[in-house]
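**Student:** Here are the chains, one letter per residue:
Protein chains: 2
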Amino acid sequence: MAVIASLECARCHHHVSAETPQTLCPLCAGSLYVRYDMDKLRQTAKREDIAARAAASPTSLGMWRYCSVLPDVTPVTLGEGWTPMLHSKRYPGLYIKEEGANPTGTFKARGLGLAVTMARHYGLQHLAVPSAGNAAGALAAYAAAAGIKAHIFMPQDVPFANYVEGIVYGANVTMVDGLISDCARMVAENIKAQREANTPTSEVWFDISTLKEPFRVEGKKTMGYELVEQLGWQYPDAVFYPTGGGVGLIGMWKAFEEMEQLGWVTGKRPKMYALQASGCAPVAKAFEEGKPASEFFQNAATFAAGLRVPKPYGDAIILDIVRQSGGKALAFSDEEILASILDYAKHEGIFLSPEGATATAAYDALIATGDLKPTDKVVLFNTGAGLKYTDMTAEAMHLKRPGTLPKSMPVGGIITPQ
Amino acid sequence: MAVIASLECARCHHHVSAETPQTLCPLCAGSLYVRYDMDKLRQTAKREDIAARAAASPTSLGMWRYCSVLPDVTPVTLGEGWTPMLHSKRYPGLYIKEEGANPTGTFKARGLGLAVTMARHYGLQHLAVPSAGNAAGALAAYAAAAGIKAHIFMPQDVPFANYVEGIVYGANVTMVDGLISDCARMVAENIKAQREANTPTSEVWFDISTLKEPFRVEGKKTMGYELVEQLGWQYPDAVFYPTGGGVGLIGMWKAFEEMEQLGWVTGKRPKMYALQASGCAPVAKAFEEGKPASEFFQNAATFAAGLRVPKPYGDAIILDIVRQSGGKALAFSDEEILASILDYAKHEGIFLSPEGATATAAYDALIATGDLKPTDKVVLFNTGAGLKYTDMTAEAMHLKRPGTLPKSMPVGGIITPQ
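Taken in sequence, the protein lines are chains A and B. Using full-length UniProt numbering, read the first sequence as starting at 1 and increasing by one per residue. Using full-length UniProt numbering, read the second sequence as starting at 1 and increasing by one per residue.
Worth flagging that the hints you see were computed from the coordinates, not collected in a lab. A few of these clues could be false.
One copy or any two copies: either way a pair holds, since identical chains are not told apart in the list.
Below, in silico cross-link-like pairs of lysine to aspartate or glutamate (EDC-like), each with a Cα-Cα straight-line distance of 20 Å or less [what the hints assert, rightly or not]:
{"hint": "1", "residue 1": "Lys400", "residue 2": "Asp177"}
{"hint": "2", "residue 1": "Lys46", "residue 2": "Glu336"}
{"hint": "3", "residue 1": "Lys192", "residue 2": "Glu203"}
{"hint": "4", "residue 1": "Lys192", "residue 2": "Glu19"}
{"hint": "5", "residue 1": "Lys149", "residue 2": "Asp343"}
Chain A extracted, bound-state conformation (with noise of 0.2 Å):
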């Protein structure tokens, strides 16, 4: 495992010390990357010696296989991380990267499960997020599994399974009239009134929000590693993201820095997608305006949840990543998102959350106007698993419950119960 040499921020570039928990830059509120000793990894860390820890493993280490390259500490688990990677049946380079079969459903458990882990390793006993849903949900779970306590802040509108896995899990769960920007301002608003109070150090929340700290990127990035190695060490041509808050694509690019730094890929890195819902789609917005960063994008309203991000905290990294490799931020319907879950459920046998369906329906568009060619290769993240959105997704097809239809009609086909 890496010894961590100091936390960066990705502005101003300060460092700090990793010795005590850190938020944001002292200097600047800038986001803090973890860096290592690159010239001390090149030597312990070697990729041929994943395959092999992991083969002389009975158990699946999950994204721990890339123990190499992450803080040596010891992990919080539930079996997160080295997701299927689907070959499409229609296209010949197109592979669908499964996040869906990650513990509570979504790639949300890379990053709160790394920056759990950190946290109980700092000792910290309250954890505060702001969620749009998912991200709420994993560390309600880490939480649960680590012995620390959650608050965990959501839009009332989330899927029902995200308010279901907060109350099992035992978070202490606000339903919030708002979205996930007024869930982030009353953490802030909670943590400062704790500070006022004199409340024990103890007790004070610490604010695990998106790219306010600095693990989640850093077990996001294994989604980097993760690609690269099932690819046989090769860079695909492009990756299609669903971009919220964006830390997976940020942390896809610190995974393909290191990685290059290692000497474990060469050449072109790929072409960055980042895709949103038209309902909110501040990133694509300023991307197709040229503008360096976005702006707060109002009456935020799509059923791809995850996505009702109206102002990502990184949307400029977001933007220089997707600008500097050459790809682009685009955003699509409700409708067009529906249509994809529904193809891609029918065709491949793959049901997509909403906001995989944003990146299939990139893919498709772009496969149509010809900027992408089918032989192309390209990795496509399905965020998060279909079922984790039954409630939204039965909503958008006008499908109601089975059970408030007369008894005994054929539903959805030809059958007629005898």
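With chain A fixed as given, assemble chain B onto it according to the hints.
**Tutor:** For chain B alone, kept in the frame of chain A given last:
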């Protein structure tokens, strides 16, 4: 991969050919098991090749890591198998096999993945299944991936997720005002009617019911291989298994027999515990009464929807295995199941399905009585993701959708939104 020698009846040991699709034993209607030439397999199938093969493959092979003991055909795969084996945070001997990480969120993916693989191999074009819910969802997904039409029959009151996935994957869905036993009758009646109407052979449905064709057991047996490999090629002291149709338990027992013949494992086989819900406990009742088979369980009712199987086709085989192994068949009430869901969520970070929680309820009960020690090595199956049962678990908890609560009301906790 292994060449199938023949299919053998579990009851009368009659052999039939696997050259064409088979259902039940033509002599006695017993279930058919896949048999290989074990002398040949002893030469070709080596356990040390498994991890090496997995390590040499850039992507996860899932259950096909055991291809040397599976039929020699091209897999229809969605990434099933090689699920996490989670070490309990509280009991040193307890390992939870997290089958919720499978495609479609349950262990059914293994059996139907293999059965659909064989169906495609045979050129079958219509597959029908009666299901308590999850087998229907898995068939729908794998049939979609294979380009085969699925006809699924489920009780009207299955978890909503089962209904939605059937529709989304494009299956022909019939919701039945009854139980899986009614669904089974309807599938049989439809096939009979098709035959009587001289429907072209390619359009007659093939009945892919539990234990009425040989390959669902064959897929499920990978759970047995996996648990032994994940314990370092050793048997645990006991296996705790939620039992509806019981295919997984039967499949694991077959795996143990094969592994012993191959010299992959030695020693005493685990005690097999078959766990049911008190509201539908035909196997536990027959076990208690010392009977060789179960009776139809009247008025089956439990929120562990997958256990609503009033008369499993393989009941005699299940009871025989449980007794041979020195295990037990036990049943727990819905209240005990719900309490165990909440306990394991809050203290282990694992959101169990109601079926899985019959196994944890049993584990805790046997620990409490001293029948089991916390150091006894136990592998306990969570057969499905708790997230797939959001509606039923919430109903059991009397949880309402937060959208129906007043605005800005604190939910489940302490914090009042500002």
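**Student:** Hint by hint, note whether the structure agrees.
**Tutor:** Results of checking the hints against the structure:
no.: 1; hint: Lys400 - Asp177; in the structure: between (25 Å within a copy, 16 Å between copies)
no.: 2; hint: Lys46 - Glu336; in the structure: neither (43 Å within a copy, 49 Å between copies)
no.: 3; hint: Lys192 - Glu203; in the structure: within (13 Å within a copy, 68 Å between copies)
no.: 4; hint: Lys192 - Glu19; in the structure: neither (23 Å within a copy, 72 Å between copies)
no.: 5; hint: Lys149 - Asp343; in the structure: between (41 Å within a copy, 15 Å between copies)
The structure fails hints 2 and 4 (numbered hints given earlier, in ascending order).
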